[in-house]
Amino acid sequence: MTTSQAAFNASAGTSPVLHLEGVTRVHGRGAAEVHALRDVDLKVYPGEFVAVMGPSGAGKSTLLTLAGGLDSPTAGRVLVEGTALGGLGRKKLAEVRRRSIGYVFQDYNLIPALTAAENITLPRELDGVSTRAARREALAALEELGIAQLADRFPEEMSGGQQQRVAIARALIGERRLVLADEPTGALDSATGESVLALLRARCDAGAAAMMVTHEARHAAWADRVVFLRDGRLVDESVSQDAGSLLV
Amino acid sequence: MSIRHGLLALLDQGPRYGYQLRTEFEARTGATWPLNVGQVYTTLGRLERDGLVAPHGEDEDGHLFYAVTEAGRAELRSWFETPVPRTNPPRDELAIKLAMAVTVPGVDVAAVVQGQRKHSMKALQDYTRLKGQALLADSGQRTDLAWLLVLEQLIFQTEAEIRWLDHCESRLTQRAAEPPVPQGATEAPAKPKRRSRL
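Sequence order for the protein chains is A and B.
When the first sequence is numbered by our numbering, its final residue is 248 and no position is left out of the sequence of numbers.
When the second sequence is numbered by our numbering, its final residue is 446 and no position is left out of the sequence of numbers.
Derived by calculation from the structure, the hints in this document are not laboratory data.
Check before you lean on any hint, since a few could be wrong.
In silico contact screen, one side only, chain A against chain B (beta carbon under 8 Å); selected entries [unchecked claim]: (1) Lys43; (2) Ala198; (3) Arg201; (4) Ser238; (5) Val239.
Even glycine gets a Cβ: it sits at the ideal position worked out from N, Cα and C.
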């Protein structure tokens, strides 16, 4: 989706998939108190790909952890598809995490004893979807990402780039519309990393929302918006225009 | 940027007329460095004066064709074989601006760095978007590859600038944490000894 389309979503009243509202996270107390995030407001809309950059210790990972409901803010709210994560019990929170949010990590985090298709179907089966229906969904997802032939391979039988594609398929299975990615290309060579980013970009163009933490400007540049964090504050953001106006 | 050698390279593939040269030059470089037809004819005039191209007749529409000469081919080969000189660093406005910003009192250097980073990041996003489009439109032809390489050069150059800006920022933070240099020393012109700390 182009930025103008994402902006259109915002103006047309489409709700954000992810909404951080005045989020502050303080670790420790007293003299050891560290403000990892200070009053951060951020919305990510369907079709939007947002990259988070900033120096080490700026709060990038904390932001991703809070967005994924793996940690709670000291102040402020985190909403995923309109549901405030703070008000949920443990069981319900686990359900939202499983149904709405997909994660992509630097080291892929596939379960070694399961095939690509089984890795993808696991969260769906935990959600009560039948094995057969889940497998059908997984095959469709692999097909869409152009890696249908990997369905029955184990992680150790795949290259890093192939494993990361499977991880993206897993992140977007079922009704999940939000992908949270932590340095997803960190372990890949430049060309493979780029194809993974192009894939993430394409999934966003097809309607998903993604937030990716990275320290590489060249990787962040695949996003519609790049936000900069410094000392726990969102200090700036850069928005891509529609291409074409740049070189003519 | 060598328009002269660019035109010789195109003419090496067969005789062409001015407008055609302009179109083909831009097809390979994606109009990154737009040429006007006037520049093309001026350059052709100089190439002809130097014996590197020669007129090659007209077609029924009155287009004046040029062809590369043997001397022109030799010049082109020598261009490909010789590295682009890097002896004189190109004047970089941003480097000059930051060098001035850290020495002029009252300038918010961090703001200069951040403002530039935002601007360069946006350019990098735009180039990357164009690259995404170029990859989708790639028909496997050599001109598509040429355009992709030019775009990637812009991407790597912009990325290098952003990395340098990140480095400037951590350098500034590091400096801010150090004890201040005594007042007299800050007034003195920078000596090689002090510069080595940078």
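Here is how each hint holds up against the structure:
1. Lys43: With a closest approach of 19 Å, the Lys43/A hint is violated.
2. Ala198: 7 Å, holds
3. Arg201: Given a least distance of 7 Å, the restraint on Arg201/A holds.
4. Ser238: 4 Å, holds
5. Val239: 7 Å, holds
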